[in-house]
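Please model the entire structure based on the sequences and the hints provided.
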Amino acid sequence: MRSPFAYTPRPGPLQAASPGAAVAYLGALAAVAFLYSSPLVLVAAGVAAALAGRLAGARSAVRSAIRLGLAIAVPIVLVNALVVNRGETVLARLGDWPLLGQVDVTAEALVDGAVFGLRAVVVMIAFAVYSACVDPDRVLRALWPLAGRSALTATLVSRLVPVAAADAARLRDAARLRGPGAAEAGRAPLARRLLAGSLDRAVDVAATLELRGYSLESPRQPRRRRMAEGLWGRGDPKPFRRASRFDPRFYAVAALILCVAIAGKLLGADDFHAYPTIQLSFGPATVAVSAVLVLSGLVPWRRAPKRVPAPTPRSRPDVPRGPGAAPRPQDLDAALQPGSGTHPPLGASGV
Amino acid sequence: MSELAIRRGAAPALAVEGLAYTYPRAPRAALADVSLEIAPGEFVLLAGRSASGKSTLLKAACGLVPHFHGGEIEGNVTVASLDAIESGPGELAAVVGYVAQDPETQVVSTTVAAEIELPLEMRGDAPASRARAVEEVALALAIPHLLDRTVDTLSGGELQRVALAAALVTRPSLVLLDEPTSQLDPVAGDELIWLLRRLNEEWGVAVLLAEHRLERCLAAADRVIAMDSGRITFDGAPAEFLAWSHASDPALTTPAARLFSLAGIAPLPVGVRAARQSLATQGRRSDTGDLTPSERLVLLGHEGKRRQPAALHPSKLREEGVRSPAAAPALEARGMWVELLRGEKPRDVLRGVDLRIKRGERVALMGRNGAGKSTLLKTAAGLVEAVRGKIETPGGIALLTQNPSDYLVRERVGDELPGEAGLAALRVVGLEHAVDADPRDLSGGERQRLALAIALAGQMEGEGLPGLVALDEPTRGMDRTRKDDLVALIGDLAGRGAGVVVATHDVEFASEFAERVVLLGDGVVIADGPAADVLSGGWYFATEVARVLDLPGVITPEQGAAALLGEGEGAG
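Protein sequences, first through last, are from chains A and B. As numbered in our numbering, residues 8 to 358 make up the first sequence, in order. As numbered in our numbering, residues -10 to 561 make up the second sequence, in order.
Where hints are given, some of them may not hold.
[Stated by the list, open to error] In silico contact screen, one side only, chain A against chain B (beta carbon under 8 Å); selected entries:
id	residue
1	Tyr14
2	Thr15
3	Gly19
4	Arg200
[Said to hold, decoys possible] Partial chain B-side listing against chain A, Cβ under 7 Å, derived:
id	residue
5	Ala82
6	Met111
7	Val373
8	Leu388
9	Asp395
10	Gly411
No lab work stands behind these hints: they were computed from the structure. Note that beta-carbon positions come from the ideal geometry of N, C-alpha and C, so glycine has one too.
As structure tokens, then:
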């Protein structure tokens, strides 16, 4: 079974974009989550990331990220409520706790925790969309000129981790299939067996790498050129499609998001304070920043290609016609109109 | 292949001279005094039993031996004028491609395109030339539609093609393949062999192919090299190889050759086509060409034998007593549907399967990769739940999955199977003498039997067995001798009253052990009947003998020979 966060190639603008463009766009949304505390802006950033994922076809990744993000957010809210005693609106006094001392649950601490949780959810969604839509091979190869061996090691880890997970599932199945008279497999022997199997597999993969030329000296292209090709998508034709016509769109929107976020911050769009009492405003700047963010989620949308209608005889320009030419359909239609008083000349069509 | 394509006299694609090699800490040499030459454009088949040195020779030709494995080496290995002992595998990668048995261990990237591109990228080729090379090799191997797929979504056959593409993308003059079809179904296996033949003919790539199932690839080869105990024991044309193997090592003979040998027909055929031509030339079947199979059978006097293949079958080991119609059921599935997640979407892997297997019955479960064979066995064993319908194994089930090593988690056989129940299980598989051995020191066949004993332990009443013993692809990478041992073990288990069901791609093996074949296609039972009927009624899921003779119910060399001899007598 594949992880919902696993990269799946799809014919969308986000998948076609170069890694730099995709990272810039999704990174800008994640950056907003760190810059802002306003719940409205955070929700807008989350909606944008989710919308982008949905339009890119990564619906299950978004769903899983929201579930996982909420699973992380709830403990954050609870821990914040127990640990932070600031805030004037006390909802419950829980008395003295070991290590924590006097524990008062305040509405402000709960809301502050919820904002932290919301931030985590937004980042999780953006990362999930990145993971499901950006080809890890292209990212790692873009980084190759900087650290080729490390990039390849990272590639192998990203490949071998799911393989090891599949091995573990197989070992668990085999453990369940042991007869009642056999010794129980036990966790330690299973873990040892998994490790041994992984090492064997790693040896096989290492042999494959040797055969692919891994032991050769580093490729000879200038580092700067290869970085440019890999990361920014210049000069590499199909099938790797590092260059994409969608790149300018993602870079432009990433820049727009960051500019609007910074401008909004300066104009007071992030007007939220949890302590000592909750202060939250939905001024025009906040609403404007939120609106821009939500709209930015539409960037991966791809308009269905326009179908150019096939030229019909009616739309053809009139051309000089010889006396023996066949009648055109519009001539026949016109001639057969009731009351037209005309008929196609007999024999003109030669039929 | 023509002499022109093979280009004899040109610098050899591979030259080995006096090669001897011993793995580190190994008690004896894996290769001893091996000398051979492969001409450019030649298609050479490497035959031999398990541990005969085939894989080691291939690894020496691509530089993994000694550069990756270490050990002691003597002699010379030259690949396209490069010294393979001096040069490492990376340098040799430009002139030699290598494809191993397990495609899963041969892919290191996430997407197919990136995987194929990797060797070129390592070499520092320019992006434009990389893109063109990838496109061309993908077209040559008919996989352009896979380029954008991730490798974890590919079937075994697709993955093997991707591995082949990655080996060929540098346009090597020699490609080495180590049992590339062992994990493929007959359809994908045949496709791969003929793809290799086409590449060999069109691109002039020399091919050195190690295989156990020789009937699958002998007809495609220009030459055969046989190995035993690290030495070359035969080197010659396929037809000469058959004559040699018949006399010296019958385990390497193909079913069609055994058929001709038993029927006293010469020369031994290198493939189905040659066999049919030979029979037609000798007038054996010239007068039956326009008849239906049943009419031919009547004409040949074998109508009575059609329903009794076991009577002609030397390996049908057990009596019919335990398989009476009233025998207790070992497995009963009624309207069973199983759904599994494939990618993001659930998919029905089994669709309304109805199946009943009796105790004492030997059943082969066949079908293409992904047809649902393993899922059916896992559902029977309770590892997977049916979403609809029922499946029951009234007497219990012992399932041995595809990787017997998964069952072996301790360092002593006795620790895996303690007590009297463990010893009883070891006795059933004939391993009671190995109680103190380390499972890793056992041979492949013994490890498989040990894993089966672990699955059986504690499920036996006295000397009895669970109602059903299920084996999933047990013959991967096995030579003929080990398969014969397994046939005997299956016969023994069935004789003790267990229903035995084996999921397999190996039609020749199925013809040896099974009395009934269930053929699955896309989760549905598409054929279910006596092995002799099912394995003679098609093209891919049919034995070589069935394809040669095209006689209903005739699937083994012995049956075929009896049919041919009967025909001869009839004609006389």
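Here is what the structure says about each hint:
no.	hint	verdict
1	Tyr14	holds (6 Å)
2	Thr15	holds (7 Å)
3	Gly19	violated (12 Å)
4	Arg200	holds (5 Å)
5	Ala82	holds (5 Å)
6	Met111	holds (4 Å)
7	Val373	violated (9 Å)
8	Leu388	holds (5 Å)
9	Asp395	holds (4 Å)
10	Gly411	holds (6 Å)
Comparing the model with each earlier hint shows violations of hints 3, 7; every other hint is respected.
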